[in-house]
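These are the residues of each chain, in order.
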Amino acid sequence: MKIVVCIKQVPDTETKVKIAADGKSLDPAGVDYVLNPYDEYAVEEAIKLKEANGSEVTILCLGTEAATKAIRTGLAMGADNAVLLKDENAAGRDWLSVAKTLAEELKALQPDLIFFGKQAMDDDSAAVGTAVAQILGLPSVANITSFALEGATATVQREVEGGIETLTATLPAIFTAHKGLNEPRYPSLKGIMSAKKKPVEEKAAAVCENGTEVVSMALPPERPPGKVIGEGVEAVEKLIDLLKNEAKVL
Amino acid sequence: MANDVLIFAEYKDGQIKRSSCEAIREGANAAQRLGGNAIALLLGSGAQAAAPATGEYGAQTALVAGDAKLDTFALEALSKVASAAIEKTQPALVLFPATTLGKELAPHVCAARGLGMATDCTGLAVEGGVVQATRPVYAGKAFVTVKFNTSPAVATLRPNVFPAGEPESGKAASVETLEVALEDTDARCTVTNLEAAGDAKQDLTEANRIVSGGRGLKGPEHFEMLEKLADELGAVVGASRAVVDAGWRPHAEQVGQTGKTVSPSLYFACAISGAIQHLAGMRSSKCIVAINKDPDAPIFKVADYGIVGDVFEVVPALTEALQNSS
Ligand SMILES: Cc1cc2nc3c(=O)[nH]c(=O)nc-3n(C[C@H](O)[C@H](O)[C@H](O)COP(=O)(O)OP(=O)(O)OC[C@H]3O[C@@H](n4cnc5c(N)ncnc54)[C@H](O)[C@@H]3O)c2cc1C
Ligand SMILES: Nc1ncnc2c1ncn2[C@@H]1O[C@H](COP(=O)(O)O)[C@@H](O)[C@H]1O
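Protein chains in written order, with my numbering: chain A, 1 to 250; chain B, 1 to 326.
Since the hints were derived computationally from the structure, they do not count as laboratory data. Even glycine gets a Cβ: it sits at the ideal position worked out from N, Cα and C. Accuracy of the hints is not assured; some may be wrong.
[What the hints assert, rightly or not] Taking lysine-lysine and the PhoX-like style, the derived pairs with C-alpha atoms no more than 20 Å apart in a straight line are:
| no. | chain 1 | residue 1 | chain 2 | residue 2 |
| --- | --- | --- | --- | --- |
| 1 | B | K12 | A | K16 |
| 2 | B | K286 | B | K301 |
| 3 | A | K86 | A | K196 |
| 4 | A | K248 | A | K50 |
| 5 | A | K86 | A | K244 |
| 6 | B | K286 | A | K227 |
| 7 | A | K107 | A | K203 |
| 8 | B | K286 | A | K248 |
| 9 | A | K69 | A | K244 |
| 10 | B | K69 | A | K238 |
| 11 | A | K244 | B | K286 |
| 12 | B | K293 | A | K238 |
| 13 | A | K24 | B | K293 |
| 14 | A | K227 | B | K147 |
| 15 | B | K12 | B | K69 |
| 16 | B | K12 | A | K227 |
[To be verified] From chain B, some residues computed to sit far from chain A (all C-beta separations above 12 Å):
| no. | residue |
| --- | --- |
| 17 | E76 |
| 18 | I86 |
| 19 | F223 |
| 20 | R283 |
| 21 | E313 |
[What the hints assert, rightly or not] For the chain B half of the interface with chain A, some residues (derived, Cβ under 10 Å), not all of them:
| no. | residue |
| --- | --- |
| 22 | T99 |
| 23 | A112 |
| 24 | E206 |
| 25 | W248 |
| 26 | S265 |
| 27 | I276 |
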């Protein structure tokens with residue numbers, strides 16, 4: 001079986017956001033980039049399948065040359081090979097442009113199963129996986145927290161408002177991974193060493209139109225500085241009074 | 001018409017869901033500014049009965065597609081019908097609530113129609129007939145305003161941000177049916193089972209009050225203490241990632257960058273240190289209360305009201321005081 005995992009390189013979650021001089025993007029100075037945390041779940045699930053049934057796992061990433069770092073993380077976890085669709089202006093693409101470009105490449109790769117992360121932790125669009133499924137005419141389920149495969153039938157679960165849904169889909173199909181799906185492994189030293197030798201095919205990413213354009217970026221409104229109102233149980237009465245009469249939330 | 005607003009609305013047990021009421025109201029406001037009408041779209045066999053009430057939140061018309069195939073939440077079928085509704089109404093703006101379904105349906109419909117879409121919006125502006133949307137990026141560490149290269153503009157709206165306003169009782173939307181032929185192939189992924197969460201517990205993202213606990217609670221058994229406080233407040237229990245990863249609480253309760261983003265009017269952080277990833281998920285709460293024994297815990301930097309103290313003393317005392325004061 002052939003599995004493709006689509007991954008993105010994003011700023012580390014520790015990042016303190018500073019806005020660049022253009023007023024509409026992140027100032028990359030001092031930012032550490034990592035494999036998108038949700039994509040780790042996607043990679044892990046693919047590798048678990050590979051261990052169970054000998055699938056071939058390919059990483060697909062649209063990004064700049066620098067995204068090779070995230071790709072190597074996926075390879076070190078156990079993926080077999082990778083394709084980097086290179087675009088020096090990758091950060092300027094919206095989800096629609098990314099989805100169209102990835103779909104084009106996936107058509108050529110012809111996988112049986114495609115995993116995405118549920119959301120990229122930079123643009124937070126939570127859209128690319130489902131959009132690619134639509135473009136390719138494949139069934140898809142977003143936000144899965146469990147995955148089981150029997151023959152060509154995948155049974156998955158996900159949390160929705162008010163409960164847990166179970167769904168089935170016949171492969172080829174697309175799933176987007178949520179936290180809870182598995183525990184992503186840390187790459188072993190051996191994995192890291194062998195990742196360096198695994199093939200990463202680089203090609204120019206097709207240009208696709210954006211559906212939206214960022215006009216401006218702003219930091220969230222500052223919260224008033226925190227206030228400690230007291231210590232221990234003595235502060236309880238004061239808290240209730242403040243919640244009732246000052247914040248008016250009780 | 002080219003200045004109407006189409007709003008996808010979800011319902012449960014015949015009632016329009018809260019987040020959809022918010023979307024309808026915001027859609028109606030936008031329609032007014034665009035000089036058009038607000039049209040609600042309801043799908044599934046309960047749509048006909050639920051549809052008129054969308055008028056109470058400002059919809060003039062409700063389009064319904066009552067095919068029971070839509071009840072199993074088959075994404076492709078829902079998408080096909082939503083796309084047909086856009087085709088029929090030719091709106092300037094399409095809105096979805098940013099719920100699990102809304103956030104999955106919107107990109108599917110948009111990919112089919114080649115439309116730009118803004119996820120999880122917290123603001124909409126209409127000026128001179130042009131729509132712009134504001135939405136969080138980097139888990140709420142920044143916000144972007146986007147314009148749309150394609151028409152209609154499409155946005156999913158974050159629950160609990162846009163006011164639904166009071167329902168105008170007696171104002172009913174006029175109901176029209178939308179006929180779309182569905183094939184079996186439109187329902188390739190269907191829900192085969194829905195295991196309801198304990199007594200229809202409210203989802204964190206829709207909760208107005210949240211009591212969250214962190215690693216300082218020392219064990220899953222101590223969350224009973226938080227549940228008592230939550231009951232007293234009519235709140236929902238949340239958790240830090242440390243607690244979820246330890247297996248003390250389910251993933252659905254995690255607040256933060258890899259959990260849920262919440263914006264309740266009242267958020268209690270009990271024995272939570274306030275790591276940047278946790279703050280990303282709750283800093284837009286209207287009022288934050290922190291209880292932590294470490295006066296230097298970063299959570300105190302964002303807390304409107306901080307109490308330095310032991311949760312095992314403060315929380316029960318607070319619960320009791322609330323009981324007595326009500
Ligand atoms: C990629 C990534 C994503 C992440 N996503 C999230 C996320 O979505 N959500 C999230 O929450 N975290 C997330 N984290 C983890 C985050 O960095 C912190 O590790 C986590 O939030 C810590 O949880 P905590 O505050 O419960 O525990 P700790 O940091 O251990 O804090 C426990 C607190 O309890 C206090 N305490 C102890 N005993 C008592 C007592 N008796 N009374 C009062 N106070 C007491 C302590 O003073 C301390 O401040 C993420 C991390 C990474 C790397
Ligand atoms: N540039 C990219 N290259 C490869 N995969 C991507 C890219 N951008 C997004 N994805 C995938 O799509 C998921 C959702 O991204 P988004 O819709 O941007 O939140 C991510 O978790 C990745 O799996």
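Verification of the supplied hints:
Of the supplied pair hints, the one linking K12(B) and K16(A) is violated, its CA atoms being roughly 40 Å apart against a limit of 20 Å. Of the supplied pair hints, the one linking K286(B) and K301(B) holds, its CA atoms being roughly 15 Å apart against a limit of 20 Å. Distance hint between K86(A) and K196(A) is fulfilled; the C-alpha atoms sit about 19 Å from each other, no more than 20 Å. The suggested pairing of K248(A) with K50(A) is violated, with an alpha-carbon distance near 56 Å, which exceeds 20 Å.
A threshold of 20 Å between alpha carbons decides the hint, and for K86(A) with K244(A) the separation of about 56 Å lies outside it, so the pair is violated. Taken as a hint, the K286(B) and K227(A) pair is honoured in the structure, with Cα atoms around 15 Å apart against an allowance of 20 Å. With a CA separation close to 15 Å, the supplied pair K107(A) and K203(A) stays within the 20 Å bound. Using a Cα cut-off of 20 Å, the hinted pair K286(B) and K248(A) holds, with the two alpha carbons roughly 10 Å apart.
Between the alpha carbons of K69(A) and K244(A) the distance comes to roughly 51 Å, so the proposed pair goes past 20 Å and is violated. Taken as a hint, the K69(B) and K238(A) pair is broken in the structure, with Cα atoms around 55 Å apart against an allowance of 20 Å. Taking the CA atoms of K244(A) and K286(B), the gap is near 14 Å; set against the 20 Å cutoff, the hint holds. For a cut-off of 20 Å, the pair hint linking K293(B) to K238(A) stands: about 18 Å separates their Cα positions.
Proposed proximity of K24(A) and K293(B) is contradicted: the alpha carbons are some 40 Å apart, above 20 Å. For the hint linking K227(A) to K147(B), the alpha-carbon distance of about 38 Å lies beyond 20 Å, and the restraint is violated. Between K12(B) and K69(B) the alpha-carbon distance is near 16 Å, which keeps this suggested pair within the 20 Å criterion. Our distance criterion of 20 Å between C-alpha atoms is broken by K12(B) and K227(A), whose separation comes to about 41 Å.
Interface exclusion of E76(B) from chain A breaks down, the closest Cβ pair being 7 Å apart, not more than 12 Å. For I86(B), the condition that its CB be more than 12 Å from all CB atoms of chain A holds, with the nearest at approximately 14 Å. Distance check on F223(B): its Cβ is at least 18 Å (rounded) from any Cβ of chain A, clearing the 12 Å threshold; non-interface status holds. For R283(B), the requirement that its beta carbon stay farther than 12 Å from each beta carbon of chain A is not met, with the minimum near 7 Å.
At the 12 Å boundary, the C-beta of E313(B) falls inside the reach of chain A, the nearest C-beta of that chain being 5 Å off. Interface restraint check: T99(B) against chain A, minimum CB-CB distance 6 Å, threshold 10 Å, status holds. Taking 10 Å as the C-beta contact cut-off toward chain A, the hint placing A112(B) at the interface holds, the least distance being around 5 Å. Because the smallest distance between the Cβ of E206(B) and any Cβ of chain A comes to about 7 Å, under 10 Å, the interface hint for this residue holds.
Below 10 Å, beta-carbon pairs count as interface contacts, and W248(B) has none with chain A, the closest being about 14 Å; its hint is therefore violated. Annotation: S265(B) was flagged as interfacial toward chain A, and the flag holds, the nearest CB pair being 5 Å apart, inside 10 Å. A hinted interface residue such as I276(B) counts as satisfied when its beta carbon comes closer than 10 Å to some beta carbon of chain A; here the least separation is about 6 Å, so the hint holds.
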